[in-house]
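Put chain P on the given structure of chain Z with help from the hints.
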Amino acid sequence: ELKVEQNPLFLSMQEGKNYTIYCNYSTTSDRLYWYRQDPGKSLESLFVLLSNGAVKQEGRLMASLDTKARLSTLHITAAVHDLSATYFCAVDMDYQLIWGAGTKLIIKP
Amino acid sequence: NAGVMQNPRHLVRRRGQEARLRCSPMKGHSHVYWYRQLPEEGLKFMVYLQKENIIDESGMPKERFSAEFPKEGPSILRIQQVVRGDSAAYFCASSPPGRAGNTIYFGEGSWLTVV
Chain Z
474 ELKVEQNPLF
484 LSMQEGKNYT
494 IYCNYSTTSD
504 RLYWYRQDPG
514 KSLESLFVLL
524 SNGAVKQEGR
534 LMASLDTKAR
544 LSTLHITAAV
554 HDLSATYFCA
564 VDMDYQLIWG
574 AGTKLIIKP
Chain P
7 NAGVMQNPRH
17 LVRRRGQEAR
27 LRCSPMKGHS
37 HVYWYRQLPE
47 EGLKFMVYLQ
57 KENIIDESGM
67 PKERFSAEFP
77 KEGPSILRIQ
87 QVVRGDSAAY
97 FCASSPPGRA
107 GNTIYFGEGS
117 WLTVV
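Chains Z and P supply the protein sequences, listed in that same order. Okay, so the first sequence: first residue is 474 according to this note's numbering, each after it adds one. Okay, so the second sequence: first residue is 7 according to this note's numbering, each after it adds one.
Honestly, the hints are just simulated from the structure, not real lab data. Hints may be right or wrong, so weigh each one.
[As the list claims (entries may be wrong)] Under 7 angstroms between C-beta atoms, here's a sample of chain Z residues computed to sit facing chain P:
| id | residue |
| --- | --- |
| 1 | S515 |
| 2 | V521 |
| 3 | F561 |
| 4 | Y568 |
| 5 | Q569 |
| 6 | W572 |
| 7 | G573 |
| 8 | A574 |
| 9 | G575 |
| 10 | I579 |
The C-beta atom is built at its ideal place from N, Cα and C for all residues, glycine as well.
With the rest of the complex left out, here is chain Z (with noise of 0.2 angstroms):
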């Protein structure tokens, strides 16, 4: 059974600070997602990564994926506040996506 855990779950940070989220998942999958969710409201789909090595950058989001370690990183440069919410991975098992149980940020001025 395919297991995904996220760490931290929360993470209380300062605004300007650097910080990285860590999506661990334990069977072979070449496809993960990280998603963005504020209270009561629904998926923002930040990033996908496709592939062992790919690095994607939105703003001041970075992810990237080493499928050989099973291992993904969302790196957070220069927090600022509006970047507060939960943030969630998701591993692709063919149609079926395994969530981490998402890593709640809150960013404070």
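Using the frame of chain Z, we list chain P on its own:
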């Protein structure tokens, strides 16, 4: 091109009533997926459907839950005799045929509250 449409967005049901959640996939998409999100948790796969076929329902509770995707009309997730534990957000997603390389698209979700 309209996205994945779900309705209702919010639904309140008393224990024992039925809940029906609807999902219209994106135009040209013939694959529909339902996921459930309990409070403060990640999403859990429930069922994968193609037109008139249930492909994988391994994530569906054995009782009270059913799903369909008829030839015409939206996909329906039906929950009979709801209980408080069914309170959750239910997300529908769709994808076109030929999954490889394609991103799936999520709807806005339906929030079910059982009182």
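The hints, checked one at a time:
1. Residue-level restraint check for Z:S515 holds (minimum Cβ-Cβ distance to chain P is 4 angstroms; threshold 7 angstroms).
2. The beta carbon of Z:V521 comes within 5 angstroms of a beta carbon in chain P, closer than 7 angstroms, and the hint placing it at the interface holds.
3. For Z:F561, the suggested interface contact is upheld, since its CB lies about 6 angstroms from the closest CB of chain P, less than 7 angstroms.
4. Evaluation of the Z:Y568 hint against chain P yields a held restraint, the C-beta minimum of about 5 angstroms falling below 7 angstroms.
5. Against a cut-off of 7 angstroms between C-beta atoms, the interface hint on Z:Q569 holds, since the closest Cβ of chain P lies about 5 angstroms away.
6. Interface restraint check: Z:W572 against chain P, minimum CB-CB distance 3 angstroms, threshold 7 angstroms, status holds.
7. Proximity of Z:G573 to chain P holds as hinted, the smallest CB-CB distance being about 6 angstroms (cut-off 7 angstroms).
8. For Z:A574, the shortest C-beta to C-beta distance to chain P is roughly 5 angstroms, which falls under 7 angstroms, so the interface hint holds.
9. Using the Cβ-Cβ criterion of 7 angstroms, the hint placing Z:G575 at the interface with chain P is satisfied: the shortest such distance is roughly 5 angstroms.
10. Residue-level restraint check for Z:I579 is violated (minimum Cβ-Cβ distance to chain P is 14 angstroms; threshold 7 angstroms).
Checked against the numbered hints above, the structure violates only hint 10.
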